[in-house]
Structure formats: C-alpha cells, structure tokens
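Spelled out, the chains give:
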Amino acid sequence: MNALLSKYPEQVEKILAKYPADQKRAAVMPLLYLAQTDENYVKQQSVYEIAEILDISPTDVVSIIGFYTLFHAEPGGKYRIQVCTDLPCALRGADQFLEELCASVGVGVGETTPDGLVTIERVMCLAACHRAPMFQLQGDGDIAYHENMTVEKTLALIEALRRHVKTGEAAHD
Amino acid sequence: MTEQTTFLLRHRAVPNIDQLQVYRENGGFEAFRKVVTSMQPADVLAEVKSSGLRGRGGAGFPTGIKWGFLPNNIWPHYVVANADESEPGTFKDREIMESNPFQFLEGLMIASYAVGANLSYAYLRGEFWQIAHGLDEDIAALEAAGLLGDRLFGTDYSLRLRTHLGAGAYICGEETALLESLEGKLGQPRLRPPFPAVYGLFGKPTVINNVETLANLPPIIEKGAGWYKSLGTEKSPGIKIFSLSGCINKPGNYELPLGTTFRELIFEHGGGVPEGRTVKAFMSAGASSTIVTADDAALDTPMDYESTQNVLNAPLGSASVIILDDSVDMAWLVDKTVHFFRHESCGKCTPCREGTYWMSHLTHRILHGKARPEDIELLDTVAAQMQGKCLCALGEFSTMAVRSGIEKFRADFEANVRRAPHG
Numbered sequence: 001m002n003a004l005l006s007k008y009p010e011q012v013e014k015i016l017a018k019y020p021a022d023q024k025r026a027a028v029m030p031l032l033y034l035a036q037t038d039e040n041y042v043k044q045q046s047v048y049e050i051a052e053i054l055d056i057s058p059t060d061v062v063s064i065i066g067f068y069t070l071f072h073a074e075p076g077g078k079y080r081i082q083v084c085t086d087l088p089c090a091l092r093g094a095d096q097f098l099e100e101l102c103a104s105v106g107v108g109v110g111e112t113t114p115d116g117l118v119t120i121e122r123v124m125c126l127a128a129c130h131r132a133p134m135f136q137l138q139g140d141g142d143i144a145y146h147e148n149m150t151v152e153k154t155l156a157l158i159e160a161l162r163r164h165v166k167t168g169e170a171a172h173d
Numbered sequence: 174m175t176e177q178t179t180f181l182l183r184h185r186a187v188p189n190i191d192q193l194q195v196y197r198e199n200g201g202f203e204a205f206r207k208v209v210t211s212m213q214p215a216d217v218l219a220e221v222k223s224s225g226l227r228g229r230g231g232a233g234f235p236t237g238i239k240w241g242f243l244p245n246n247i248w249p250h251y252v253v254a255n256a257d258e259s260e261p262g263t264f265k266d267r268e269i270m271e272s273n274p275f276q277f278l279e280g281l282m283i284a285s286y287a288v289g290a291n292l293s294y295a296y297l298r299g300e301f302w303q304i305a306h307g308l309d310e311d312i313a314a315l316e317a318a319g320l321l322g323d324r325l326f327g328t329d330y331s332l333r334l335r336t337h338l339g340a341g342a343y344i345c346g347e348e349t350a351l352l353e354s355l356e357g358k359l360g361q362p363r364l365r366p367p368f369p370a371v372y373g374l375f376g377k378p379t380v381i382n383n384v385e386t387l388a389n390l391p392p393i394i395e396k397g398a399g400w401y402k403s404l405g406t407e408k409s410p411g412i413k414i415f416s417l418s419g420c421i422n423k424p425g426n427y428e429l430p431l432g433t434t435f436r437e438l439i440f441e442h443g444g445g446v447p448e449g450r451t452v453k454a455f456m457s458a459g460a461s462s463t464i465v466t467a468d469d470a471a472l473d474t475p476m477d478y479e480s481t482q483n484v485l486n487a488p489l490g491s492a493s494v495i496i497l498d499d500s501v502d503m504a505w506l507v508d509k510t511v512h513f514f515r516h517e518s519c520g521k522c523t524p525c526r527e528g529t530y531w532m533s534h535l536t537h538r539i540l541h542g543k544a545r546p547e548d549i550e551l552l553d554t555v556a557a558q559m560q561g562k563c564l565c566a567l568g569e570f571s572t573m574a575v576r577s578g579i580e581k582f583r584a585d586f587e588a589n590v591r592r593a594p595h596g
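First to last, the protein sequences are chains A and B. Take the first sequence: its position 76, counted from the start at 1, is 76 in this note's numbering, and no numbers get skipped. When you read off a place in the second sequence, starting at 1, and then add 173, the result is the number in this note's numbering.
If you are wondering where the hints come from, they were derived from the structure by calculation, not from laboratory data. Think of the CB as a built atom: it goes at the ideal place given N, C-alpha and C, for glycine as much as any other residue. Misleading hints may appear alongside valid ones.
[What the hints assert, rightly or not] Residues from chain A that keep clear of chain B, each with C-beta distances beyond 10 Å, as calculated:
id, residue
1, Asn2
2, Gln11
3, Pro30
4, Gln44
5, Asp86
6, Cys102
7, Gly110
8, Glu111
9, Asp115
10, Asp142
11, Lys166
12, Thr167
13, Glu169
[To be verified] When the alpha-carbon atoms are kept at most 30 Å apart in a straight line, the in silico DSS-like pairs for lysine-lysine are as follows:
id, chain 1, residue 1, chain 2, residue 2
14, A, Lys14, B, Lys358
15, B, Lys562, B, Lys581
16, A, Lys43, A, Lys7
17, A, Lys153, B, Lys423
18, B, Lys423, B, Lys453
19, A, Lys18, A, Lys166
20, B, Lys358, A, Lys7
21, A, Lys24, B, Lys521
22, B, Lys222, B, Lys453
23, A, Lys43, B, Lys521
24, B, Lys207, A, Lys18
25, B, Lys377, B, Lys521
26, A, Lys166, A, Lys7
27, A, Lys24, B, Lys402
Produce the entire structure from the sequences given, and follow the hints as far as they go.
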C-alpha cells in the first residue's frame, strides 16, 4: 500500500498534473515536500512510495534529498529555525543574533531542543538582506519568513509554537 | 536627485495592485491582450529587441536576441521564469512577486506568446514557499478570468502557467542547473553546447528569463520600445531595481534608470553609512562581485552594464550593491563569501568543488590567526588556478572577492596573519 498516495490522493494528482505525462520525474521535489508535511523530514517509507509513484529508483529519490537543503533525511525539530548569516545579514548582526539565540534557547547551532520542538540552523542567503537579522521557519508543511528579528521576539515565537503544539492555538499570523 | 520610478515596483504607487481586479483596472493584461489579438510573435520579438531590454538576472544579455535563438522546427517551446533569486545581496524579484505579481505573470505570458510556448513555468527557490502559493492562486484567478487557458481572446493561442519550487540550492539560479532541477534531478549545470535555446526543458527549445526582465515586458508593449529607450543609457536602456544592503542607513530596493551613479544610490537614496563611518568599499553584484575600493572615481561611476565593467572591472550583475564601511575586515568578508560558495558548489566539476574547499580552509586559517604569511599568496594562487576552468559561473564568481580583496586590501589579511603565533 502506498501511504502517501492514500493519504494525499488529490494533492498527488494535482502535483503530477503540473508536468507533461511523460515527464513524471519532475514531480519528485513537490512530492518530497508533501512527504515532509507532517514530521518535517522524509521517512524511509516515503522514499519508496515516491519512487513507486514516479517509476524511478529509490536511490534517485534519496539523491534529491541529499542535494537540496530543504529536504531532511533525518528527524530534527518539529520546527526548524533557519537563520541566514551570509555577508549582508552578517553586516547587520546576524552572527551575533544566532549566537545569542542559541545561548538563550540552550542549544548549539544545528541542535534540537530536548522536547523536539525546534532545531536552530545556520543557512545561506534567503533574499532578505535588508531586513536582517532574519530567519525562515520550516514546519507544518510551510516555510515562513521572520524578518527584522530580535532574540526576544524569537523566544516569544518559540513559546507560541510550544503552546500551538500542546493546545492547537495559532502560533503566528 | 533622480526620482525613483514605479514601473516595476508599481505597488509603491498603486495600492492593492496585487489583486487582479485592481491590476486590471489599472490597465493590467491589456498588453497581453494586445500581443495575442493584434501582433504576430515576430512583431513582439522585434519590439522587445528594439527596446534594448537586457536580462536582469545578471548576465545582461539582450532579451529579444535570446528569444530569437529558438529554432522553429523543434516543438514544443517552453519559457521558464528564473525566480531562484539567491545571490547574497539580491532581493528584488521577491518584492515584485510578493507585491506586484500580476505584472510578472503578464510578462511571462507575453514572453510565452512571443516564442510560441503553450506551457510555461516559474521556477522559484524553495524558500519562496509562500510566494509560490500566492502565485498558484493568482494563476487560478487568471484561468477563471479567461486570461489563461485555451483559445485566448477567441484566437488559436492557448497558454498555461505552472509554478515549481526548488529546495535550497543557489546553483539552481544557473539556467541549465535550474532546468535539471525542474526535471526532477540534481541541480547541476549541463555541459554546453547544446544551449537551452535548442535543448532546454525536457530536451525542448527553452527561454529562461529573470523575473525582473519579464516584469519589464508589459510596460514596454504598452508604452513602446521608444519610450523604454528614452530611459537609462544608450547601451543599457531602461530602468533597473538596485538592491542596496550592508553598512547602509536605508537598505532596500531602489528602482532607478540605469546609469544612475553609485554615489547617488548610496548617499542620496540610501542615506549613507552609519554615523561616524566612511565607505571603504562596495560590491556591485552581490557576493559574486569583485570588491571595489570606494574612491571618488568609483562612486561617480554610472551603474550601467558597460561603465561598471569598464571603469570598475566589476560586473553590474543583478545590481545587488553591498556597502562596506571602514569597520569591515576584508579577510572576514572573503571568508564569508568563500564559505558561501563552498557550501553552494554543486560538486560536479573538480576545479570548483576542490577550489572552494581549499580556499575556505585558507580563509578560515587566516581569519582564526592560524595562518603562515605565505598563506595569503597561496589563497590567491588557488583562486587564480580556478579561473577559466569551471563548468559554470559559480566557480568563477567564488574567486572574485578573493583576488580583488587580496589585491586591494592586503593589509587586512596581513593583520590577521600577524595574530598567528608563527606569523
């Protein structure tokens, strides 16, 4: 049984319809995003399911996960806070922001909070150079930008995410 | 002071232009209607060629000429909008797509008609997740309004648009890597020839145009090539969005005629550098640029494709101007840019894969006080050996800040080396 297909039949069909019928492989990235919706990483089982849907080898699917930074083969936080520290952001204090954020949360860069809620990561340019410090929040099948951030505002966001996971309360606008 | 225009960043002049109704009330899709109902594809191509519009993604190649490369005996043709905007310092396409999305889509539709494409794609970097979902809704609205679909305006022309999200890879801004990625493969550049104009998406003739390039098309069709050429300079006609970032009081996007000077952008529009600081240098084309010493001659250089290249020996590229004040250590800067390129190298060709790796080792060593004096020369040698040998421009770009930084700001590197115990 193909769990991805049976869970998201309409989405899979919609994704496949975006590409010519003889070019199904083009759908591998959108399908990986779909597979990542629930747990923010691609489970081994999903690899086989995507390969089956697209009639390509599981190795091909794994190579795509490995090449692109927004796909994750291993579980991390339910949410990933991805801070840009490239040159323009660094000139606006992004490195210091990341350092202070990690110290406040009590994790290192690339690490996950003990409750599995957030992973804090350093990423490359996100096209928001004029509004640093900034990060993107990846989780719940979404990627959202948070710009002109402070450590204080970020800690409040993390608390809101924690409440959201516990109670279903909306975490951010 | 040159006044900022709003031909591309039209949302700054017309509120709610991101809504289809408002866009149409302000003349939206009249240019598309005009080309489909009253112009032959060849006429559209001729008009765009005559406007002198050049690619806004970085290369500055004339758009009309690029379209003209597609052969007429191989079909279907595709147009792919390059919305992978990932160059450190560039954030212009994002503002267009977020706030004036229909102008971008109309431009994509005009380009599609001009080359006879019936299915076109917008390839967005994965981080533009919410923008892509907004565009999906906009495309659905256009289908519902009869502006996309079969037999448009009662003609034989049919067109559909689709978005495709990347997933975090700078290299996918390189057009052949972008095509590979859109086909569901690793985003690695193709060996050329054959060029995408002949062997592009799914092996078919393909035009790849930057978002800003496409957003220029509706006003060009509406107001004419003559109007467009009246703006900017003779060889770099028209307007350009300059992304201003770094050590600057008012970072942001500035839409100005090509040929405006760096001085005007930095001091009049951008409000200068923070108090007590002076401009030490700038980069004209993001992290891919050479570092330019900010002397009077450099500041007075017009920002157009020829002047920037000829006077500053730096590309205008996508016009992402990063300002560096006198607090910036150029060895630190070069470590930042090299780290970026090392991370983003796709690994396909050896000079880039190995070169960026070794350069980043050396810059790290220099920055952390562990370098020998000869490491500065070694770093420059590694960069020099990469030049002209990489499969695509990424490898070449990675050497720009390194070589110009060492050439113009060697003292910054030497100061770091002196901190080393054996320096």
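Against the structure, the hints come out as follows:
Every CB of chain B is more than 10 Å from the CB of A:Asn2 (nearest about 18 Å), matching its label as outside the interface. Separation of A:Gln11 from chain B is adequate, the least Cβ-Cβ distance of about 12 Å exceeding the 10 Å criterion. At roughly 7 Å from the closest C-beta of chain B, the C-beta of A:Pro30 falls inside 10 Å, breaking its exclusion from the interface. With a least beta-carbon separation of about 19 Å from chain B, A:Gln44 lies farther than 10 Å from that chain, consistent with its non-interface assignment.
Residue placement check: A:Asp86 does not keep its beta carbon more than 10 Å from all beta carbons of chain B (closest about 5 Å). At the 10 Å boundary, the C-beta of A:Cys102 stays outside the reach of chain B, the nearest C-beta of that chain being 18 Å off. Consistency note on A:Gly110: stated as away from chain B, and its beta-carbon is indeed over 10 Å from all of that chain's, at 14 Å minimum. Every Cβ of chain B is farther than 10 Å from the Cβ of A:Glu111; the closest lies at roughly 19 Å, confirming the non-interface assignment.
For A:Asp115, the condition that its CB be more than 10 Å from all CB atoms of chain B holds, with the nearest at approximately 25 Å. For A:Asp142, the condition that its CB be more than 10 Å from all CB atoms of chain B is violated, with the nearest at approximately 7 Å. With a least beta-carbon separation of about 25 Å from chain B, A:Lys166 lies farther than 10 Å from that chain, consistent with its non-interface assignment. The beta carbon of A:Thr167 is kept farther than 10 Å from every beta carbon of chain B, the shortest such distance being approximately 24 Å.
A cut-off of 10 Å between C-beta atoms confirms that A:Glu169 is not in contact with chain B; the least separation is 21 Å. At most 30 Å may separate the alpha-carbon atoms for a hinted pair to count; A:Lys14 and B:Lys358 meet this at roughly 20 Å. Annotation: proposed proximity of B:Lys562 to B:Lys581 holds, straight-line Cα distance about 24 Å (limit 30 Å). For the hint pairing A:Lys43 with A:Lys7, the CA-to-CA distance comes to about 14 Å; that is within 30 Å, so the pair holds.
Among the hinted pairs, A:Lys153 with B:Lys423 is consistent with the structure: their alpha-carbon atoms are about 22 Å apart, no more than 30 Å. Proximity of B:Lys423 to B:Lys453 is assessed by CA-CA distance (about 17 Å); at most 30 Å being required, the pair is judged to hold. Our distance criterion of 30 Å between C-alpha atoms is broken by A:Lys18 and A:Lys166, whose separation comes to about 37 Å. Taking the CA atoms of B:Lys358 and A:Lys7, the gap is near 25 Å; set against the 30 Å cutoff, the hint holds.
Using a Cα cut-off of 30 Å, the hinted pair A:Lys24 and B:Lys521 holds, with the two alpha carbons roughly 24 Å apart. Among the hinted pairs, B:Lys222 with B:Lys453 is inconsistent with the structure: their alpha-carbon atoms are about 39 Å apart, more than 30 Å. Annotation: proposed proximity of A:Lys43 to B:Lys521 holds, straight-line Cα distance about 27 Å (limit 30 Å). Restraint check: the Cα-Cα separation between B:Lys207 and A:Lys18 comes to about 28 Å, which is no more than 30 Å; the hinted pair holds.
Distance hint between B:Lys377 and B:Lys521 is fulfilled; the C-alpha atoms sit about 23 Å from each other, no more than 30 Å. Taking the CA atoms of A:Lys166 and A:Lys7, the gap is about 24 Å. The hint holds against a cut of 30 Å. Distance check on the hinted pair: A:Lys24 and B:Lys402 sit about 43 Å apart at the alpha-carbon level, beyond 30 Å; violated.
The structure is inconsistent with the numbered hints 3, 5, 10, 19, 22 and 27, although it conforms to all the rest.
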